[in-house]
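Number of protein chains: 2
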Amino acid sequence: MVSKKIQKALEGNSAIRAMFVEGMEMAEKYGAENVYDFSLGNPATPAPAALNQSVRALLDEADAAGAEGSLRLHGYMENAGYADVREAIAQNLNRRFGTSFAARNIVMTVGAAGGLNIIFKTILNPGDEVIVFAPFFGEYRQYAANFDAEVVAVRPDLETFQPDLEDFEAKLTEKTKALIVNTPNNPTGVIYKPDTMRRIAAILKKKEAEYGHAIYLISDEPYRELVYDGNTEDFLTKYYEDTIVGYSFSKSLSLPGERIGYVAVPDEAEDSENLLRGIEISNRTLGFVNAPSLMQKAVARCLDEKTDVAFYDENRRLLYEGLTELGFTCVKPEGAFYLWVKSPVKDETVFVNEGKKLHILMVPGSSFGCGGFVRLAYCVSHATVKNALPAFGKLAESYGLR
Amino acid sequence: MVSKKIQKALEGNSAIRAMFVEGMEMAEKYGAENVYDFSLGNPATPAPAALNQSVRALLDEADAAGAEGSLRLHGYMENAGYADVREAIAQNLNRRFGTSFAARNIVMTVGAAGGLNIIFKTILNPGDEVIVFAPFFGEYRQYAANFDAEVVAVRPDLETFQPDLEDFEAKLTEKTKALIVNTPNNPTGVIYKPDTMRRIAAILKKKEAEYGHAIYLISDEPYRELVYDGNTEDFLTKYYEDTIVGYSFSKSLSLPGERIGYVAVPDEAEDSENLLRGIEISNRTLGFVNAPSLMQKAVARCLDEKTDVAFYDENRRLLYEGLTELGFTCVKPEGAFYLWVKSPVKDETVFVNEGKKLHILMVPGSSFGCGGFVRLAYCVSHATVKNALPAFGKLAESYGLR
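In order, the protein sequences belong to chains A and B.
Number 402 marks the last residue of the first sequence (the working numbering); no jumps.
Number 402 marks the last residue of the second sequence (the working numbering); no jumps.
If you are wondering where the hints come from, they were derived from the structure by calculation, not from laboratory data.
Treat the hints with caution; some may be incorrect.
You can't tell identical chains apart in this list, so a pair holds if it fits in one copy or across any two.
Okay, derived cross-link-like pairs now, EDC-like style, lysine to aspartate or glutamate, Cα gap no bigger than 20 Å in a straight line [stated by the list, open to error]:
#	residue 1	residue 2
1	394	129
2	238	268
3	306	157
4	356	195
5	386	37
6	4	148
7	8	280
8	8	270
9	8	210
10	238	397
11	394	87
12	205	305
13	4	270
14	206	169
15	8	271
16	206	37
Excised from the complex, chain A in its bound form (with noise of 0.2 Å):
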């Protein structure tokens, strides 16, 4: 009695979801401390301090104001959110990027999930395309189907990870309304580069003169602030007009669990007005009908605050010089918590599965377009690295990687 879909989906499920419940049943079998699980992209650092601070300001100064308090802090407000949060969003941002945001181009969202699918609501039609450069985020397919729009891969380059760009030009078509942006990217950890960002840009303007629409560049960037080596925060609008963000405070502030980020139309972009008014509407229809009240306040009060950005860069390097030494061949992070890593052998599930043997937990490349590699997301403990190393030395061994 279920829907087509979601039949569908539940055939589809099992596989991650059997590797989610088999992590569990390893963890109690041979001790959590004696299983190495990178599955995961679920933060290991704690919030910043001033998060629970502002949480408690906000109820101090709500009890003092009484009933009015009350409904100030957990009641209704425009389905875009707070204008004091939206307007000090648009602030921080234009400070930190030199963009010309007000309150009306920002609209709070339950995470980037609900962002992305408020966007998608507002601007796909049944049919329409939405590139993605592999390997990505598998769920973009999930969230493009919700619109019975389909997702596009574009090949990466297999040295660098950066997008094959003539791939890029090649699969654009009248069809394309938007192309989505992971910087720095989810599973690989790789920045993609002002210059490919200018030439992205450049190939999407010519694109939108030839089929007379506009192709909306959707820059996903919950990871915006991890960043390392001396890598710098960017945000994309700079490089295109018709670009539209999607943020999440998950990573940054370490609070995945409450659904709390925003979605940044900037005045240049095409037909902005309306772009607003329908993520608006979209927000409300969808049944997200605004973001959390509370935490959208208390982000407002922590925009300058980041985790532990210092914890993930001392893993990022236990396991890559780790691994490396092995004999693996990885992907240098430089950004997010995740290590991309090329499987030994050809099928990575086949790799996958011997680790499993030796208690690694990975995800197999294939689960996001990209298949021969393996993603290790390291927001894990660092004695979680360090314990791992010897069973990937077995592994290592195992393949004859030295």
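Go by the hints and put chain B onto chain A.
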């Protein structure tokens, strides 16, 4: 460049949008105390004190537990929500309503609007029909349209505003996948009596047998706890096996901005395991991912709390008695916080406009699929109700009601 559906929404949305703007402009022009705004279903009572206290306690406990505490409070959990929260809700419902829920039967949602959308995504194919009893919450139409399904409205008994069950039976077809029941009702304030519910269940069972597939009764019950005059809280699974419950804490705890609610699927419902898994998948793939984590834990500690129902009861008495004395024909509300008033002229939008001239804001019944009536939301201050009565008096006089 927006999608066709959103283009249509942008055009259709302008009327309601205009009403909101008009209300704000009137408040600015004449002073908020001189405008009698009965247009919004926004709670007027504060959240119970226990709510903010629970949030504080959760923060203190998390801080005391260090990094782990932060991750447990603000981090990811299963898409269905924290197991302990779901267990607490299951046990609370079992105690109050004699049900047999366990944690597995509950999925925490981003309010009732999020809950209805993930239920719809799970059960609806394009072209399916969802029955609603007029007058009904207008957004049901958009929620069904998200999945290319359609709402089919059943007419009410125009005296009692119980559904016309002959019309209901006539409107059921092979394509009917679900019926939404919203009791206490928005916009009428009517409660569907046990006898009505039993007759609805009998008709559904007969049609299920005839068509050979399940027809789900979706109980949309944000107003469950707002009942007056000795009416008791009801829980609809006892009338009909194939019942799915969508609940929100928005009204009972005055938390509409926080977007917190749940869906309950009893084991007796047909295909209940697939329904639950489908609802959990939909929660993720529609972009909700999970209900806000801190609020999940906070409401779990406040399941026996209730906002100040007596406050609304006082407004109900004032407004119902006041308008009836003035000669208006009103349906006496038994629950929720709405008064349903017959328009003195056939086209109720004319009546609404006459009201506006006296600074009274009401919503035309046609917004709820039932012209000739208006909805007054009495979730306002006592002063607003009292001060509005002379204006209603002038309105009654202008229509010769006394």
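Hints versus structure:
no.	hint	result
1	394 to 129	neither (44 Å within a copy, 58 Å between copies)
2	238 to 268	within (11 Å within a copy, 56 Å between copies)
3	306 to 157	neither (32 Å within a copy, 59 Å between copies)
4	356 to 195	neither (40 Å within a copy, 58 Å between copies)
5	386 to 37	within (12 Å within a copy, 63 Å between copies)
6	4 to 148	both (13 Å within a copy, 13 Å between copies)
7	8 to 280	between (30 Å within a copy, 14 Å between copies)
8	8 to 270	between (36 Å within a copy, 19 Å between copies)
9	8 to 210	neither (37 Å within a copy, 27 Å between copies)
10	238 to 397	neither (47 Å within a copy, 62 Å between copies)
11	394 to 87	neither (54 Å within a copy, 43 Å between copies)
12	205 to 305	neither (36 Å within a copy, 57 Å between copies)
13	4 to 270	between (36 Å within a copy, 16 Å between copies)
14	206 to 169	within (10 Å within a copy, 58 Å between copies)
15	8 to 271	between (36 Å within a copy, 15 Å between copies)
16	206 to 37	neither (45 Å within a copy, 52 Å between copies)
Hints 1, 3, 4, 9, 10, 11, 12 and 16 from the earlier list are contradicted by this structure; the remaining hints agree with it.
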